[in-house]
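Colleague: Chain by chain, the residues:
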Amino acid sequence: MQEFIRSNFFDIKNKIISNNLENIIKNNITDQRVSSIFKISDISSLNYFRENSFLFLENNITLPKKYVTNIVLVTNNNDLFENKKYENIVLVKDLNHVFNIIVNYIFNHDDSLDYFDEFDLINNSYISKNSKIHKTSKISNNCVIGKGVEIGKNCIIKNNVVIKNSILKDNIVICDNSSIGTTGFGFDLKKRGSSNLNPQIGIVIIDDNVHIGSSCTIDRGKIDITSIGKNSMIDNLVHVAHNVIIGQNVCIAAQTGISGSVVIGNNVTIGGKAGFAGHIKIGDNVVVAARSGVTKNIKENSVVAGFPAIDMKEWKKNLIRNRKNGH
Amino acid sequence: MQEFIRSNFFDIKNKIISNNLENIIKNNITDQRVSSIFKISDISSLNYFRENSFLFLENNITLPKKYVTNIVLVTNNNDLFENKKYENIVLVKDLNHVFNIIVNYIFNHDDSLDYFDEFDLINNSYISKNSKIHKTSKISNNCVIGKGVEIGKNCIIKNNVVIKNSILKDNIVICDNSSIGTTGFGFDLKKRGSSNLNPQIGIVIIDDNVHIGSSCTIDRGKIDITSIGKNSMIDNLVHVAHNVIIGQNVCIAAQTGISGSVVIGNNVTIGGKAGFAGHIKIGDNVVVAARSGVTKNIKENSVVAGFPAIDMKEWKKNLIRNRKNGH
Amino acid sequence: MQEFIRSNFFDIKNKIISNNLENIIKNNITDQRVSSIFKISDISSLNYFRENSFLFLENNITLPKKYVTNIVLVTNNNDLFENKKYENIVLVKDLNHVFNIIVNYIFNHDDSLDYFDEFDLINNSYISKNSKIHKTSKISNNCVIGKGVEIGKNCIIKNNVVIKNSILKDNIVICDNSSIGTTGFGFDLKKRGSSNLNPQIGIVIIDDNVHIGSSCTIDRGKIDITSIGKNSMIDNLVHVAHNVIIGQNVCIAAQTGISGSVVIGNNVTIGGKAGFAGHIKIGDNVVVAARSGVTKNIKENSVVAGFPAIDMKEWKKNLIRNRKNGH
Numbered sequence: 001m002q003e004f005i006r007s008n009f010f011d012i013k014n015k016i017i018s019n020n021l022e023n024i025i026k027n028n029i030t031d032q033r034v035s036s037i038f039k040i041s042d043i044s045s046l047n048y049f050r051e052n053s054f055l056f057l058e059n060n061i062t063l064p065k066k067y068v069t070n071i072v073l074v075t076n077n078n079d080l081f082e083n084k085k086y087e088n089i090v091l092v093k094d095l096n097h098v099f100n101i102i103v104n105y106i107f108n109h110d111d112s113l114d115y116f117d118e119f120d121l122i123n124n125s126y127i128s129k130n131s132k133i134h135k136t137s138k139i140s141n142n143c144v145i146g147k148g149v150e151i152g153k154n155c156i157i158k159n160n161v162v163i164k165n166s167i168l169k170d171n172i173v174i175c176d177n178s179s180i181g182t183t184g185f186g187f188d189l190k191k192r193g194s195s196n197l198n199p200q201i202g203i204v205i206i207d208d209n210v211h212i213g214s215s216c217t218i219d220r221g222k223i224d225i226t227s228i229g230k231n232s233m234i235d236n237l238v239h240v241a242h243n244v245i246i247g248q249n250v251c252i253a254a255q256t257g258i259s260g261s262v263v264i265g266n267n268v269t270i271g272g273k274a275g276f277a278g279h280i281k282i283g284d285n286v287v288v289a290a291r292s293g294v295t296k297n298i299k300e301n302s303v304v305a306g307f308p309a310i311d312m313k314e315w316k317k318n319l320i321r322n323r324k325n326g327h
Numbered sequence: 001m002q003e004f005i006r007s008n009f010f011d012i013k014n015k016i017i018s019n020n021l022e023n024i025i026k027n028n029i030t031d032q033r034v035s036s037i038f039k040i041s042d043i044s045s046l047n048y049f050r051e052n053s054f055l056f057l058e059n060n061i062t063l064p065k066k067y068v069t070n071i072v073l074v075t076n077n078n079d080l081f082e083n084k085k086y087e088n089i090v091l092v093k094d095l096n097h098v099f100n101i102i103v104n105y106i107f108n109h110d111d112s113l114d115y116f117d118e119f120d121l122i123n124n125s126y127i128s129k130n131s132k133i134h135k136t137s138k139i140s141n142n143c144v145i146g147k148g149v150e151i152g153k154n155c156i157i158k159n160n161v162v163i164k165n166s167i168l169k170d171n172i173v174i175c176d177n178s179s180i181g182t183t184g185f186g187f188d189l190k191k192r193g194s195s196n197l198n199p200q201i202g203i204v205i206i207d208d209n210v211h212i213g214s215s216c217t218i219d220r221g222k223i224d225i226t227s228i229g230k231n232s233m234i235d236n237l238v239h240v241a242h243n244v245i246i247g248q249n250v251c252i253a254a255q256t257g258i259s260g261s262v263v264i265g266n267n268v269t270i271g272g273k274a275g276f277a278g279h280i281k282i283g284d285n286v287v288v289a290a291r292s293g294v295t296k297n298i299k300e301n302s303v304v305a306g307f308p309a310i311d312m313k314e315w316k317k318n319l320i321r322n323r324k325n326g327h
Numbered sequence: 001m002q003e004f005i006r007s008n009f010f011d012i013k014n015k016i017i018s019n020n021l022e023n024i025i026k027n028n029i030t031d032q033r034v035s036s037i038f039k040i041s042d043i044s045s046l047n048y049f050r051e052n053s054f055l056f057l058e059n060n061i062t063l064p065k066k067y068v069t070n071i072v073l074v075t076n077n078n079d080l081f082e083n084k085k086y087e088n089i090v091l092v093k094d095l096n097h098v099f100n101i102i103v104n105y106i107f108n109h110d111d112s113l114d115y116f117d118e119f120d121l122i123n124n125s126y127i128s129k130n131s132k133i134h135k136t137s138k139i140s141n142n143c144v145i146g147k148g149v150e151i152g153k154n155c156i157i158k159n160n161v162v163i164k165n166s167i168l169k170d171n172i173v174i175c176d177n178s179s180i181g182t183t184g185f186g187f188d189l190k191k192r193g194s195s196n197l198n199p200q201i202g203i204v205i206i207d208d209n210v211h212i213g214s215s216c217t218i219d220r221g222k223i224d225i226t227s228i229g230k231n232s233m234i235d236n237l238v239h240v241a242h243n244v245i246i247g248q249n250v251c252i253a254a255q256t257g258i259s260g261s262v263v264i265g266n267n268v269t270i271g272g273k274a275g276f277a278g279h280i281k282i283g284d285n286v287v288v289a290a291r292s293g294v295t296k297n298i299k300e301n302s303v304v305a306g307f308p309a310i311d312m313k314e315w316k317k318n319l320i321r322n323r324k325n326g327h
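Protein sequences appear in the order of chains P, U and V. When you line the first sequence up against the working numbering, it's residues 1 to 327, in that order. When you line the second sequence up against the working numbering, it's residues 1 to 327, in that order. When you line the third sequence up against the working numbering, it's residues 1 to 327, in that order.
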């Protein structure tokens, strides 16, 4: 995963002492074993371990060797807690809720009331004093470029574009009225409402030569990143949810929607109005026909169509069989 | 229905004397019986009766007792006119056209050329002098907050958001590039074009703890309200048409579209890219799968999928039967 | 086709001498026969011939008589080159790539880094010094009106609207957060990435009494125009791609997407979430049901539904047959 410094985007308002979590999530702690004492101000994921962080785990998994020590595991998984493989671990009741409380306690983000950013009006756009825009790049009118944002060389940001919590490399075009780095839709269906949504403290990383059309929404990662690989091109009104990883040379036609945590390989071509269920993996060189609803992993070099999407030849045969006169 | 004062949002430019309608819609009047004389400056609906108003009726219905007297009925229904139950009533030829003429004659709205609003540039957004925003709420950059708008406590309005003709209660988040209180799409297919669209003089009411994603469009009511209930949460690029009533704790995934006058119950969960035909009713606790096209009322606690949407188990069975190898 | 002066919108930065093309596209020229010498600063299409221009041709077609002489044909079609009907003709290897190089060499457009426009802040919107807006028309807040744009009488442009590369006639309404005249999605799947997209040097022409909803994207033509005919009305979140020609009195419901070069006749009615494959023709008076995916030409007066869209009665019969209990 591409690294980023979280605090460039999300201010740290409080740190938590590793053995002092009960002050913050009191009723929710069932048990704990925390032997090391250190100050925590970051969040790890299974993709990327950060020092002095919490790592939230649902499943009883074995962490890889690279796992750094200054991490407190927070889990609702009794077996993981009981097997005693890990020394700094807290067992909680409602993991999602505890995630929200801890993240909101440590960080300010743009769904926090006390989030603060300071802007200059430069050439008709509001540019955060804490952003870095290469001098060869061009920002049009009525844009907002938020704190921490980096924009590389020769980028063209058109009008009324909002870019927050994002790193853009070189030669990128973002068309009018698009929103990059917006809040992902992370919820627990049992606890609804704006204040129960998961805080989103990841970013968007867009690699060289990417084109994004008008009125697109690219949500930032929840903890890590949403990313769009080199030379990928996205048409208008496309939705890319949090944690989505789009490979290189991907072409996505208008009004497509990609749900959270989908991974799309390289050289994939996607027709208009396609949709992808969350957490699936699309292999390299796949072609997804317009209007497809992709509900499961698709292996490389496949051509799929329909809903649920299947092999396109199969889809056509079904269509002929099910339509009396074969339209 | 939640009340609102129409003139806070839509200026009254002319009043009409109850027995003087023929000056305004002359050729369109077939017959009339108007015995009371009063000045009219409002529009009633069957949901909400307002004093000194017109009420437009297509069907020969019996009005409820609460019906207030200073109302002139306008109808194209001969039976309703002939049955003489109501004393102030006008029979017209083209009801939709007469609605347009009368409403445009009385009100200025944001599809009128002479609509006027006065803005201050406050913290990089244009805020109407005639809006009320609680001091604990936060408006980001490049927003427009129009006249009459009320925003309660602890709301977060992100960047490039347009809010007009709306009342927002507390703890609401509206994400970047969304438009709230926009003009509904009310048309008569026999008379097309911008100037023949129905003027929309209702508002949007959003209750506590609602989250609305990026690039959403929430159209205001035609006469009454479009409303979103407490704790409901809406993802990106969602369209909510005029007069839609969304209950509490409703969760709507990205790119869903809800047509005019749909009523959605409480605790409903709706997948991405779902669509709803106009004027249908979705019961409490319904689950609508992603990509469903819902064309008729759905009773409470149902789980539906497909287009036209049916019971999800049924839909799956059909799918297996119609796909040779059961994908 | 309605004419427009390209250089009002796209600055000419270089002209090309007709017999000097090899300096610009050197390795790509296979052969050439250019006998006339003139300066080239425009691009023709088969719909509209312009003097002193290049015309790019893939197929071995016979040009109409009206074909003006000061045109250099550029083709990758060997037969067209060999048949010697035309005196000024260049045979190239990669036609799409040569189009990109030539157009980018001649013109600045809003995907060029050196594109320049100069704005005044007038009533809270950025208005190009090189646009013409009739004094009876109203531009709301946070809009951007780009160079060359003409807006006729009595138009209402709401908030946060971007209008570039467009001519709007009279009585037009454009709702909040819409983008008109944006860059079309013209690509060669074999050469992906922002810098390989086709430059788009056409415009949008919107005729009298058109209504366009919120968060719509109307891409400009690639060489010629995207156009919307009189009295047509478009709901929210609709995508209209480059080169689309929409007739008069067309009604398009929300979230519909129309792919490139589609031609839609007069009095067509289109339901929500419909989609159209590129380059097809929809006849007059056609009705397209909501959620249809139209993949081929539809003849006038048809009513179609489904995906791929077929006659609606047929679609309903299929539906009943394929659903055991006939829902």
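FYI, nobody ran anything at the bench for these hints, they're computed from the structure. You may find that some hints are simply not true.
Since copy identity is lost for identical chains, a pair holds within one copy or between any two.
Claimed, not checked - Lysine-lysine pairs mimicking DSSO-like chemistry, simulated, CA-CA at most 27 Å apart:
1) Lys191 to Lys299
2) Lys66 to Lys129
3) Lys190 to Lys313
4) Lys281 to Lys316
5) Lys93 to Lys296
6) Lys299 to Lys316
7) Lys135 to Lys13
8) Lys26 to Lys13
9) Lys13 to Lys153
Colleague: For every hint, state whether the structure bears it out.
Modeller: Tested hints:
With identical chains, the CA atoms of Lys191 and Lys299 are at most 27 Å apart between copies only, with a shortest distance of 23 Å across copies and 36 Å within one. Taking the closest pair of Cα atoms, Lys66 and Lys129 never come within 27 Å of each other, the shortest separation being 36 Å inside a single copy and 58 Å across copies. Taking identical chains as interchangeable, the C-alpha atoms of Lys190 and Lys313 lie at most 27 Å apart only when they sit on different chains, with a minimum of 23 Å there against 41 Å within one chain. In this assembly of identical chains, Lys281 and Lys316 lie within 27 Å of each other by CA distance both inside one copy and across copies; the values are 23 Å within and 23 Å between.
In the homo-oligomer, the alpha carbons of Lys93 and Lys296 never lie at most 27 Å apart, since the shortest distance is 31 Å inside one protomer and 41 Å across protomers. Within a single copy, Lys299 and Lys316 get their C-alpha atoms as close as 19 Å, and across copies as close as 23 Å, so both meet the 27 Å cut-off. For the homomeric pair Lys135 and Lys13, the shortest alpha-carbon distance between copies (22 Å) is at most 27 Å, but the shortest distance inside one copy (32 Å) is not. Taking the closest pair of Cα atoms, Lys26 and Lys13 come within 27 Å of each other only inside a single copy of the chain (20 Å); across copies the shortest separation is 59 Å, beyond that limit.
In this assembly of identical chains, the alpha carbons of Lys13 and Lys153 lie at most 27 Å apart only when taken from different copies (22 Å versus 32 Å within one copy).
In summary, the structure is inconsistent with hints 2, 5 from the numbered list given earlier, while agreeing with the others.
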